[in-house]
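Chemist: The chain contents come next:
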Amino acid sequence: MALFDSSLRVFAAAIVLRLALLVYGGWQDANSAVKYTDIDYLVFTDASRYISRGQSPYARDTYRYTPLLAWMLLPTAWEGGSGPLASIAFAFGKILFALADVVAGWLVVQLLCRCYRMSTERALRYVAAAWLWNPMVANISTRGSSEGLLGVLVAALLWATLTKRAALAGVILGLAVHFKIYPFIYGVSILWWWDAQQDGAAPRKDLSLTSHMLGFITRSRVVLSVSALVTFTSLNVVMYCQYGMPFLHQTFFHHLTRIDHRHNFSPYSTLLYLASAGGASYRFETLAFLPQLLLAVVAIPLALAKKSLATAMLAQTFAFVTFNKVCTSQYFIWYLILLPFYLPSSSLIRKPSLGIAAAALWVLGQALWLSQGYNLEFLGLSAFVPGLFLSSLVFFGINVWILGIVIRDGGTEEFRSSA
Amino acid sequence: MKRRITFAQTPQTPFAADLISLSASTLSVQNLAAAREDRITLSLSELPDELRNVLEQSHELRLRWATERSFDAIAPFASRISPGLHVHYTPQAKNESQDSICTLLRTIFVDHEHGEAVVDCTRPEDSFITTPLVSTRFATSASLQYYTRLADLRSLVAYIRRTACHQQQSGGSACHKRADTLLTADSVDIDYDSISHAVTISGFWAEPPADGWTEEVSKSASDNDKVEFGVLTAEKGIERTEIQMGGLLAVVGEDKKMKPTMFSFPSRHHPLPSDATYSVSFSKPTGLHPTMSITMQPPSLQRPPAPEDATCALHTYLTLPSSVFGDQYQLGTKDTLFLQSHHLAALRAHAGEMDLEAPDWAVQRWGSTWLFELDSPTVDEGASVLKNWTATIPLHLRYLPPSDTGYRTAQVPWPVVFWACTAEDGTKMGVNPFDRTNLGWDGLFGPRTMFYQLHPETGRLVEEIEVPVLKLNNGEGLVTAQIIELGTSFVILLGFLWVLWRLIQVGFLKARPGLRERHEKKE
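Chains as they are written, first to last, in our numbering: chain H, 1 to 419; chain Y, 1 to 523.
For the record, the hints were derived by calculation from the structure and aren't laboratory data.
Possibly wrong hints are sitting among the right ones.
[Claimed, not checked] Have a look at the derived ranges for each label pair, beta carbon to beta carbon:
1. Ser293/Y - Arg9/H: 50 to 60 Å
2. Ala20/H - Thr336/Y: 24 to 34 Å
3. Ala158/Y - Arg64/H: 42 to 52 Å
4. Leu493/Y - Ala202/H: 39 to 49 Å
5. Tyr407/Y - Thr257/H: 22 to 32 Å
Backbone N, C-alpha and C fix where the C-beta goes; we use that ideal spot for every residue, glycine too.
When you get a sec, could you build the whole thing from the sequences and use the hints?
Modeler: Spelled out as structure tokens, the structure:
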């Protein structure tokens, strides 16, 4: 297709798609009682308004993000204008998120071409399908959800890593973890991946255990760790000095103490409802972090990171989301940005029947759960058991199976990143 | 002790002076058809000790109860509250509320069938909500508020029987009988404030018993105890803000005969015509996001007969138990499209449990209150509204504890609906001998606001919502707590091991290419 010959055309189309959605969203907001804009966006903009009045963003209930986000969205608090100017000011955050989408896509295309030796046309094809032209991605950012920002941070992290910019990678990692805790899992993969060979040293053989361990400490690994830690710590210190305990509580501790009892895709959701209401006797749910972190932080990085960093990160994200105590559809966007690195040489594409089966099963699992969710949420039927309980377990099973495929692909010889 | 008995008749009822006879020491009525208010004022020394101790530590304590049946509230008793028990409490000193108020409420209000306290209160700071005040300067309402559903006053009557009646040396059975009359009351108010140092108990009966009121009231034994008696008819006053009352008054034992009387006063609460009604429902299926519909009949939508220069707006005041809640950000929006689609004008005040995520068992306080200004249809001057008008309020349900049916019931009392109109400066509502304040919603308006009450349609004034919950069969059945626990753990462990096995394959068995080839072939 001639369309994919030129990055200009692909990116122009991605931008036009987002602009159209932004304009449409503005129109729907102005003309319908049902709003296009995400409720979370109103939380961010309210928080920005509090900041513009010299107050804490945490004065807004359910603002559970870094103050950075509310600072970035300060233009939305501007109340001077009217008409189109005011609309643009209100949409500033959405424009920023949509722009972040496009930049993330551009970074991925760059990486695919430079580090994965892919032709521009092929790279564009995959990035367009998974990210740039993905209506879900464009919809989420133009509705004003900040998840898209994570996309650009992860893409940038991978770009800085694969282009061997250790200090920059550390800064991005620190920032990403400050923004949304989960990217810390990538830190482990990147550190494991970045051995002396990656820095150009010859492979060493027949070494003793001590020199093996000493050999682990490389300049790049130290620079990356220190810069990530310094970035993360200094951001937190600054925010803590500015906003005190509410910052720490809302951004970090909330995730430890929250009662995640409302129904969601997670296999734990029924158990958590039961446990929260005081009906569980074994308290297995208190151990839920174990399988999740063992896979996402230890086993996957060790087994896959040196073979294919991007696929390892994808598998980590997949495992983290699949085994998480809460899982909502916005989490699925976390691994979309990593798909273009994995898909081109994956068995899902090589064997279309397997790919189609995986996609079909995943959608089926979603549909099964959503139908039960609809029965509960809108029809008021008691669908917790067996409906939601079983469908969340089935969906979990499908995800685990797909994760198994990703891991096997990531471990195969021909799949190695040529970086 | 002072007692005031008022029989209020509508102007349509033929006035029957011959049904009342007054002698030197007794007054008797025979088959009198009228609404009735009985008001008893007691000094602190006349109260049981436990009650007096609590009251002495309070700045003000006001209990408001209304029945779940709809009833006619005629002038001058036109004000309404949502059915159930409302407690308004201000501690003696700020931030020094007493736990004893909770102990007292738990003692008085007991579920007679299960023997459990219906009031879930340990410390006022934890269980009561803080009332929003328009202005602390006026401070017309108490600072802390509590609500619970309470279908009848059997427990209160039992309490009066075993304390107040028990204390009396003589007349025990008369005391029991009088306490029992509260069982048929449509609303009961109990008021105490530290300025008057007196407790007032008022009962209101909208309808007489089947053959009218028949009663003999004797002069009290003590000279300090006074019994006032009146049969009155209320009408609109000459001023639109006023109510005019005429009829007969007497002090039992003092007056030789009933004294004809006629007086008028500005009134805070006014009734609307009896066809100005509203009804409340939830559209089915309610799901987890029930929408409350308030449907008003055309006569409810006419501007009330307030003075020409007064500004009037239609309002509703919701009292929601913690299982049902509103989203203050969704409802507090200034987006006219949203508000208009629900026939709302604005959210004017809200207080109480506002958490958007917490399940019911994680919510400490009893619930929340919401004052909305409603949009009303615009009609041309002189024209009248022809169609019903429905305002809708989107609400949400909290998760409730599991049950063995998979459902639990949330009981939502009907909100009150009224027009609020501004009154002229200098209107003194307090001179009304039947004035009623501290209803929860009146304090959200300025002190010189007039209220025109819409009447709830006949029926039960509590809506029931079926809330889906986790269905758990205790011990038997397909899905037990154990199945959920073990099932979840087993599936997750299996998934974990499967992923781990895959990782071991690619991580450690890579040196054996034969194995991988076999894998490749299998697909």
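Chemist: Each hint: holds or not?
Modeler: Results for each hint:
1. Ser293/Y - Arg9/H: 50 to 60 Å: For serine 293/Y and arginine 9/H the Cβ distance comes to about 52 Å; the hint holds.
2. Ala20/H - Thr336/Y: 24 to 34 Å: 26 Å, holds
3. Ala158/Y - Arg64/H: 42 to 52 Å: 49 Å, holds
4. Leu493/Y - Ala202/H: 39 to 49 Å: Holds, since leucine 493/Y and alanine 202/H (Cβ atoms, about 43 Å apart) stay within the stated range.
5. Tyr407/Y - Thr257/H: 22 to 32 Å: 30 Å, holds
Violated hints for the displayed structure: none, as all numbered hints are satisfied.
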